[in-house]
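Q: Read off the chains here:
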Amino acid sequence: MADIALHQTEAIAGPRGPKPRAAFSRRNIFIYGTLIVVSVYYLLPLYVMVVTSLKGMPEIRLGNVFSPPVEITFEPWVKAWAQACTGLNCDGLSRGFWNSVRITIPSVILSIAIASVNGYALANWRFKGADVFFTILIVGAFIPYQVMIYPIVIILREIGLYGSLAGLVIVHTIFGMPILTLLFRNYFAALPEELFKAARVDGAGFWAIYLRIMLPMSLPIFVVAMILQVTGIWNDFLFGVVYTRPDTYPMTVQLNNIVNSVQGVKEYNVNMAATLITGLVPLVIYFVSGKLFVRGIAAGAVKG
Amino acid sequence: MARPSQLFRNLNAKVASIPMILTALVVFVGGTIWTIVYSFTNSRLLPRLNFVGLDQYERLWSTPRWIISIENLLIYGSLSLIFSMVIGFLLAALLDQKIRFEDTFRTIFLYPFALSFIVTGLVWQWLLNPDFGLQGIVRSWGWESFAFDPLYNQDIVIYGILIAGLWQGTGLVMCLMLAGLRGIDEDVWKAARVDGIPMWKTYVFIVIPMMRPVFVTALVIVASGIVRVYDLVVAQTGGGPGIASEVPAKYVINMMFEAQNLGQGFAASTMMLVTIAIILVPWAYLEFGGRNRRG
Amino acid sequence: MPSVTVRDLSLNYGAVSVLKNLNLDIEEGEFLVLLGPSGCGKSTLLNCIAGLLDASDGQIFIKGRNVTWEEPKDRGIGMVFQSYALYPQMSVRRNLSFGLKNAGVPKAEIERRIERTAEILQIQSLLDRKPSQLSGGQRQRVAIGRALVRDVDVFLFDEPLSNLDAKLRAELRVEIKRLHQKLANTMIYVTHDQIEAMTLADRIAVMRSGMIQQLDRPQEIYRRPVNRYVADFIGSPGMNFLDGEIVARDEGYHFTAGDIDIPLQRYGFESARPGPAAFGIRPEHISIDSGEGWPFTAKVAVEIVDPMGSDTLIWTTLGKQPLTIRVPSDRAPNAGDSITIGFDPMNASLFDAASGDRI
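Protein chains in written order, with my numbering: chain A, 1 to 304; chain B, 1001 to 1295; chain C, 2001 to 2359.
These are computed hints drawn from the structure, not numbers from a lab.
No residue lacks a Cβ here, since even glycine has one placed at the ideal position from N, Cα and C.
The hints are all genuine.
Restraint-style ranges between C-beta atoms, simulated for each label pair:
id: 1; chain 1: C; residue 1: Tyr2013; chain 2: A; residue 2: Ala22; range: 18 to 26 Å
id: 2; chain 1: A; residue 1: Phe66; chain 2: B; residue 2: Ile1082; range: 26 to 34 Å
id: 3; chain 1: B; residue 1: Val1274; chain 2: C; residue 2: Gly2104; range: 46 to 54 Å
id: 4; chain 1: B; residue 1: Ile1082; chain 2: A; residue 2: Pro220; range: 30 to 38 Å
id: 5; chain 1: A; residue 1: Ala208; chain 2: B; residue 2: Trp1061; range: 53 to 61 Å
id: 6; chain 1: C; residue 1: Asp2128; chain 2: A; residue 2: Asp202; range: 51 to 59 Å
id: 7; chain 1: A; residue 1: Met57; chain 2: B; residue 2: Ile1278; range: 43 to 51 Å
id: 8; chain 1: A; residue 1: Ala22; chain 2: B; residue 2: Arg1182; range: 25 to 33 Å
id: 9; chain 1: A; residue 1: Glu194; chain 2: C; residue 2: Glu2292; range: 53 to 61 Å
id: 10; chain 1: A; residue 1: Phe66; chain 2: B; residue 2: Leu1025; range: 53 to 61 Å
Think about it this way: if two alpha-carbon atoms lie no more than 25 Å apart in a straight line, the pair counts; the simulated DSS-like pairs of lysine-lysine are:
id: 11; chain 1: A; residue 1: Lys291; chain 2: B; residue 2: Lys1098
id: 12; chain 1: C; residue 1: Lys2073; chain 2: C; residue 2: Lys2101
id: 13; chain 1: A; residue 1: Lys128; chain 2: B; residue 2: Lys1014
Construct all of the structure, not just a fragment, from the sequences and the given hints.
A: Pasting the structure below:
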């Protein structure tokens, strides 16, 4: 290329290139220092859980929650999973785990199925009055659960589902509906409307458009909804304790009963192992899904 | 040609919306009205329409346990709001400095949010154990008189719960704030640099005012979460020592399902609803009323 | 002494090189436009001059002072951004005064400067409004005002008119030109809009992938582009290119493509040589007068007629290659007509087929 600069021949001294910045400037020390200190606060509980769950009781009584185990033992984990007692049952957390699985899977599927179809209807097939119901739904998301808990008990008792897993699935579907419907409605509304119009001109109906056009285009939002629901339902305690019986208690309720039971000697290592096992499912989802999880909570946040 | 009936237009969409309509009308509206109505009755084990006027409310506000619950909610609520907003914003601002390992730090700050309140409460119950936890450690370092046993001290137990609550929830606020900061036009930062405005002043006078909607959203989320606090207390302290860490949500459940005093539970839950309304109505007014005014 | 000097400036993001060893001298009071498509590095260069980006290598001088490591506020520059970047929660008056207050300028002086700026830009009546209450054009005026109150020697504009609609853009363009005449400051202006560049600039620097292709007065760039890229980028509708070959004959060089033969005796060669080349001629340099006197004439069929108001564009084919001609509308032929065209190779540009450089 033509060199067009009017070069001055004498070399010019002075600053050149990037401004030198010390790797350990006061600014960097402050930023990274603060972040690291805060990180310790955030990581400490996880570390203590892991460490405690790998120690034997004698070692725990000796002292320091932070010291790594001298002798690693997996017995607390085995005990927490298979032998820990809640009341008269002594078959460990495994029962609660499988209950939670049996609650979570149908709840997630049902709530997402209903909310996605509903969101699609709201976004693309607006009918008279739809906005009124939708507004009630969103406002309802802010009503404390305690206000609606007893009426739902009555409804479930009337249809004979009180105390059953099916009843709890319905409850999760109901309370997941506001946020999920909002999520799907906003997502479908942001898709180009021409797609929908073109399909209608081609003669496709309500369900055909949903199944053939909307679904295939919306995989990411389904994943986000799934993350949101799986963690939310897995972590639920209130509905579990109110709407199920002891033999169908979800994992969180059973965990609380194991750890906070007043009978017997406190086995801290078993308690921490049980706590870790319960937290494991959402943690794995969190670490695997990464950015999508963030997107999910950001979306959930918009709802308020 | 006769027009098809209005009812059958978009029939499929209406069918698809039946669950929403039922939820909205039966559960949200119906359930709420039902609870409010029965809060004026003397229902005990079973709901009965035997109206007693404001008796339940008078009894509620003369029950020490409820008063303590409300006090706890106020302390926990205001501190939790302030700290989660301030810490959440500061962390977000630090992460926004084009630093290395941003994803790692964000992952660390947010992971507790994936855990349930039960898990959170139990971990912190263990960490705050006076013999083996933080207090024991500091004492073993030689500071024999060091005392930090919130879970066994009526006066400070609520702060023990606060520590756990902040641990679990601040990451969410940070995430919202970070998204808000990233939404600020890069050119505004550049303009402030050309104008020679120091970084902290840029944050205080320019960026934070621009993030008003994000702050409001975060505030509403955190506030409505605070009113619902239940599992955390159940797991961490069970309301104790004594009744020192009771909260309204727990009071309601106890009244309904343990004390067989449904009327009290309904009255207390109605009070929770009123609290939420006090938070939400001004917000809704500012948010939506304001938008209309601006056109 | 040049007002702004850029010496051997490079900027790399990892392995990606955004600016490549750039040199540029801008005279006192000059209006320089950095022109190029998005991603060519023009905004990056401006941000480096402003001090908003750290260069990987090289130096920047403003008024003879080496400012390579200085903060933007100490460089004696004011800057106007595409998105206006006004502080939305502050009134116009505070937008103008905020930086000055921070710099410790006395109150009376701030007042004086705001008065003067408001008068120059005709924004006196807007001083107490918030940016959200202003139209796009008014906002950009305020943004210019914020640069003006700084009382600096060099103004930097980063695509300031791109967010405005066509009519406002034309209005503000004239205003910026008037402002430059009045203040006589050095101005560096980034745009992708060649009309803005042609109308505003004392000199234009056409950029491509981090390098300056040509730096010259607008007319020179228009008439004598240094390579095919510049020729193609400048001008709307674009220059016609005929691919062919330069051949040497007894009486001199000719350009041939198929059955076309254009004598190049009147063409001002840089370095004449036979070989594959592209012959470029602008649509307005082709005449449809059948009158004699053109060194080259040909008969062509009118395919499409595109009226554009004062001018009309004619689409046709010359030697199997497409050709557009621009004629005054009142003399436009009809589609299907057969016309005789003529042009003078003196107005044309020849580019090497391989390198694209001007021959």
